[in-house]
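Residue numbers (our numbering), protein chains in the order written: chain A, 1 to 248; chain B, 1 to 227; chain C, 1 to 209.
Just so you know, the hints here were simulated from the structure itself, not pulled from any lab data. Mixed in with the good hints there might be a few duds.
[To be verified] List time: in silico EDC-like cross-link candidates among lysine to aspartate or glutamate, alpha-carbon distance up to 20 Å:
1) B:69 <-> A:205
2) A:210 <-> A:235
3) A:140 <-> C:63
4) A:140 <-> A:170
5) B:136 <-> C:108
6) B:136 <-> C:63
7) B:2 <-> B:214
8) A:182 <-> A:131
9) B:69 <-> C:63
[What the hints assert, rightly or not] Which stretches of chain A does chain C cover? Using the computed rule of at least three CB atoms under 8 Å from a CB of chain C, they are:
10) 54-68
11) 82-88
12) 169-175
[As the list claims (entries may be wrong)] The following label-pair restraints were derived from C-beta to C-beta distances:
13) C:77 <-> B:9: 45 to 51 Å
14) B:182 <-> C:25: 58 to 64 Å
15) C:155 <-> B:217: 33 to 39 Å
16) A:21 <-> C:201: 55 to 61 Å
No residue lacks a Cβ here, since even glycine has one placed at the ideal position from N, Cα and C.
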Amino acid sequence: MQYKSATTHQSRPEFGIVEASNLCKSFGAARALCDVSFRIDPGEFVAVLGANGAGKTTLIRLLAGLARPSSGEIFIKGLSVRRHPSETRRAVGVMSHHIYLYDDLTAEENLRFYARMFEAPQARAETLLKEVGLWEHRRKRIRTFSRGMAQRVSLARALLHDPEILLLDEPFTGLDVYAREKFKSMLDKFLDEKRTVILTLHDIDYALEKAQRVLILRHGRLVCDRPVDRLFRTEIMETLLPSEPSLK
Amino acid sequence: MKKSLVILAAFTYIGMTAALYAAFLYAPTERTMGEIQRIFYFHVPAAWVSFLAFAVVFVGGIAFLRTGKSHWDVLAYSAGEVGVFFLTLVLVTGPLWAKPVWNVFWTWDARLTTSLVLWLIFIAYLMLRSSLAGEKGARFAAVFGIIGFLDVPLVYMSIRWWRTLHPAPVLGGKSGSGLETPMLVTLMIALVGFTLLLILLLFINYKISRAEKDLELFEKEWRNGEI
Amino acid sequence: MELRSKEILNGMLLFSLVVAVIFGFIFEPGSEELKTAGPGILWILLVFSGNIGLARSFNREYENAMMQGLLLCPIDRSVIFPAKWIGNMIFISFELLILIPLLVILFDLPLGEHRLSLAAVLLLGVAGYSAVGTLFSTIAAHCRAREVMLPLLLFPVTVPILLAGVKASALMMTDAGLKEAVSWVKILAAVDVIFITASFLLYEHIVEE
């Protein structure tokens, strides 16, 4: 099976670095995502917008391999996420409002633990702790950290294995001003490094300023997929606006 | 759909009426136990039917985990509810029968204890279900239902090693527990009647659960302004 | 797979002492009563320590959605269950290792002559109990009333383990000898095999969506 898809990969060089085809996630009659397809090229910086409950988080979870789509398939670097869970997971770094860290371990211990899991060099934990500005706090437990600090450790965690693709689910939520600015500057750095970044957020202005491309979800459907220079603020507002409750 | 429901209900009605008639009028009064023995025609079928319902929970759970289709989950859950209902019936009729015959309401014998443990397991199943909604709840309940059902023979075997007061299995063919023909016929009728009742209840409960789910969804969508 | 913190160890020691003192109130040390209740006490201890160990395990998983964190790692998902199971097993056994000698020293808990086989039976019990426990603690971690839900799910299902375990150890602790206990040990082992296999196979379904 592995051999077969490896050849598929080679025979289809036109694959983007992340490709979703006809993704659906539903349970019974309730659907979170419906027929979502897109293709993202290496180095793209993509913002996913949408009202609450539009399916943004579900999309990130599917891309991260945390949830299985009801139908449809995801390819990361041309490999099916379903068939090659380990390889595709190595290529992505994930950050969400959960920090995925043990409260009772120190920042350093947490990172070393993950470094072992990802088979990344232990020295990488050190470098990253310095990079997110928490080197002097490395011996403190996560429990004692503020939200912003913990989120920064979590970012270091997501970067441990030097992933080509970053999936960020509302990285600015719950952060104080300082942490937010720090974060934004780190995102700029990813941009320079030509990493592929997919992030969901509420901040339209930021999306319009930085992102190259915007995907908008509405009730689980992809209603807009356009480069940012061909998109207007009012247009986005319209799609984000929840319609008034009314009976058929 | 409606027509099949009516037909099923009609058959169940006939079956249950026949069972009542047979149990009270046709079957002879048992020599040593007297009239109270007639409870047997309800006790045993209810136990049988609850076991059948839990088997549906088990099968539905496996099918759900394999396919991810929510109707399997709804079926399993409906069966769980109906099963607990019948098992409660068993646990109530049991002591009523036991008191005059064994002179105690309850003994810690194999089948009694197994039923009680089984009842606890599936009460926990229903509680788990009510405390977790959505797909996650469905998956977790399926997993628990499967383990719970697998547990039944284990509980029974482990408890059976203690000496048991309970009458030996009636249909197992062991000598000394044999029934007179009219009694056997009555039991058979009651079994059929109860099984039909199970299917009917399961059917109705399944419909209700589905409708509930749809309603919930409709409400949610309406509130989100999707309709 | 997981590193343990010091507080838990301290908590464990303290817990053991509290349990020992409580048993001291209930039973006269060295009395006849204690002799008959002995096997029961051992298995109640197992349930106690089991619950503490499992609660620790699921709180850890629950905080910061650590389970998802593990799922992000490029490890085979089928290793998560064995790792957690063995972790829980070690924790519970370790706790029993402190508790039982403590009770023996303080209250002269009669263990009988076949101590090694007794330990083996307890270990079998721990293995099965923590297998189902690992599965159910992950389930309970997602429920609203997590602390209540775990015993509610776990106790009825583990009845066969406790029953067979108590019987086997009771026979070992009296003079009846090992021969009679063997059949109970066999049952216990069979139950273990079924529970462990089922938990292993089903675990995958509860960690992934």
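Discussion item. Against the range 58 to 64 Å, how does the distance between the Cβ atoms of residue 182 of chain B and residue 25 of chain C compare: consistent or not?
Written reply: This hint holds: roughly 60 Å between Cβ atoms.
Do three or more residues of the stretch 169-175 of chain A come closer than 8 Å to chain C, measuring C-beta to C-beta? Since three or more residues must qualify, the claim that chain C covers the stretch 169-175 of chain A is violated, with 0 doing so at under 8 Å.
- Between residue 69 of chain B and residue 63 of chain C, does the CA-CA distance stay at or below 20 Å? violated, 30 Å
So is the stretch 82-88 of chain A in contact with chain C by the C-beta rule, three or more residues under 8 Å, or is the coverage claim wrong?
This one holds; 3 residues, not fewer than the three required, reach chain C with a Cβ under 8 Å.
* Cβ distance range 33 to 39 Å for residue 155 of chain C and residue 217 of chain B, holds or violated -> holds, 35 Å
Range first: 45 to 51 Å. Now tell me if the beta carbons of residue 77 of chain C and residue 9 of chain B are that far apart. Roughly 47 Å apart at Cβ, these two residues keep to the hinted range, so it holds.
Going straight from one Cα to the other, do residue 140 of chain A and residue 170 of chain A come out at no more than 20 Å? violated, 26 Å
Exercise for the section: Please work out if residue 210 of chain A and residue 235 of chain A have their alpha carbons no farther apart than 20 Å. Expected result: Roughly 18 Å separates the two Cα atoms, so the pair holds.
> Are residue 140 of chain A and residue 63 of chain C close enough, with their CA atoms no more than 20 Å apart?
Replying inline: holds, 17 Å
Holds or violated: are the alpha carbons of residue 2 of chain B and residue 214 of chain B at most 20 Å from each other? Holds: residue 2 of chain B and residue 214 of chain B sit about 19 Å apart, inside 20 Å.
Check: Is the straight-line distance between the alpha-carbon of residue 136 of chain B and that of residue 63 of chain C 20 Å or less?
Finding: Distance ~18 Å between residue 136 of chain B and residue 63 of chain C Cα, so the pair holds.
Checklist entry - If you draw a straight line from the CA of residue 182 of chain A to the CA of residue 131 of chain A, is it 20 Å or shorter? => result holds, 11 Å
Of the numbered hints given earlier, the model fails hints 1, 4, 5, 9, 12 and 16; all others are met.
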